[in-house]
Amino acid sequence: MQRSASQTVGPFFLEALIHAGDEVIAKPGTAGEPIILEGKVLDAEGSVVNDAFLEIFQADATGRYVADSAEARSGSRFTGFGRASTDKLGTFRFTTLYPGAVPAANGGSEAPHLDVMVFARGLLKPLVTRIYFAGDVLNAQDPVLAQVPPNRRATLEARREPGSDPAVWRFDVRLQGQDETVFFDFSGRHACPPLNPC
Amino acid sequence: MQSIPKRSPLAGSEANEAVDPPYQADAYKSTILRSPREPLVSMPKQIASLRAPVYGYGDVKPQDADLTRQHAAEPQGERIIVAGRLMDEDGKPIPNALIEIWQANSAGRYTHKGDQHSAPLDPNFSGNGRVMTDANGAYRFVTIKPGAYPWRNHANAWRPAHIHFSLFGMGYLSRLVTQMYFPGDPLLPLDPIFNSVPNERGRRALISTFDLEVTEPEWALGYRFDIVLRGDGATPMEK
Ligand SMILES: [Fe+3]
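Each protein sequence line maps, in turn, to chains A and B. Residue numbers for the first sequence follow our numbering, so the first one is 1 and each next one is one higher. Residue numbers for the second sequence follow our numbering, so the first one is 1 and each next one is one higher.
Among the hints, a few may not be true.
[Unchecked claim] Here are some, though not all, of the chain B residues that point toward chain A, as calculated from beta-carbon distances under 7 Å:
#: 1; residue: 30
#: 2; residue: 54
#: 3; residue: 112
[What the hints assert, rightly or not] Computed footprint of chain B on chain A; a stretch qualifies when at least three of its residues, placed anywhere within it, have a C-beta under 8 Å from a C-beta of chain B:
#: 4; region: 54 to 67
#: 5; region: 94 to 100
#: 6; region: 104 to 115
#: 7; region: 165 to 171
I should point out that these hints are in silico values taken from the structure, not numbers from a laboratory. Note that this is a predicted model, so its numbers are computed, not measured. Backbone N, C-alpha and C define an ideal beta-carbon position, used for all residues, glycine too.
With the rest of the complex left out, here is chain A (with noise of 0.2 Å):
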């Protein structure tokens, strides 16, 4: 069956999709280091984008995804999952922990990351990335770093503010133009490829 194609959230999605508290990924005493993760969404022109959402998924901070269950689905515990919208300065921000290296199934592991989908007004499908934690040493291993031009890994990097406590990373998603994010294909069947099992 051919799956159904996406079309834009356009610009008025904000009382239907983002509750008070979905940027909080990692509600107070889950383990782990807290961190706000900041920053905007802009456009070709560098203009603010107003009418985006970000969705986060991350695993605990100890690299784990957390398993589906009911206490996971009544939201009391932490689900690794936020979302957040832009404000009237395209300014997103998540409450959230520092994750944790993901091992991976040839013993190696993924350098901490979030997985980030971005939605907007505009946006005719999600754009996909990740961001990274700059300065962590993981990041030279990490297999998916590994596959973007090093040139534009940068563009996947968050920054830490300095002096911020809790720490604060800054990741800016510049849709086009100039340090144009890093985005990953999303069109395509995606269930892993023959050659390539998961």
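Start from chain A and add chain B with the ligand according to the hints.
Chain B with the ligand alone, transformed into the frame defined by chain A:
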């Protein structure tokens, strides 16, 4: 002066896939400054193999699926039922999945503060709903038929009546945001968003069908809208 943005180098390969619209669809003007121009990086298996996130949606209530009963009285407009099945590309039903919808009222106005259309608000209609699919992947909403509304994309531009859908499937990349349209709408051939879908079959699948089975006598017309999501990493590839 801003030079004319170069055409995305991906336009060709995306067109071959022919399922989703391209990022850059010039007739829909907002895409021009918001679509990437650098080559997309092939989807790494580390992302493609992720399961869908667990969304903290334990608090979905039955009245969330009935947009006509969220206020003191019933909203103005034509009461309708929208029902269908959520499945993957192999036709396998997707149970227990979250569907979120939002729409304009019967006059074509959203409650969103940014909606400047002069049509009246309806104090009995917010236009937001949520539901979980059942064990067979089936879902059902009760709402009112949304009105068409103007937008500023081009001269005398009107969006066909539509309901916005947001869905989660089994895999991380099953995620879908789309719009459901109504059969016979004369605005469909004129709409750059609807027509950004590259193939005829894909466009047709976004138009709900009138269904007498879903229709309830002396109460409301029924529309069927089945949705197919991308399979997850566990689904075997097509033969
Ligand atoms: Fe709309």
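Results for each hint:
1. 30: 3 Å, holds
2. 54: 4 Å, holds
3. 112: Holds, because the Cβ-Cβ distance from residue 112(B) to chain A comes to roughly 4 Å (cut-off 7 Å).
4. 54 to 67: holds (count 5)
5. 94 to 100: violated (count 0)
6. 104 to 115: holds (count 3)
7. 165 to 171: violated (count 0)
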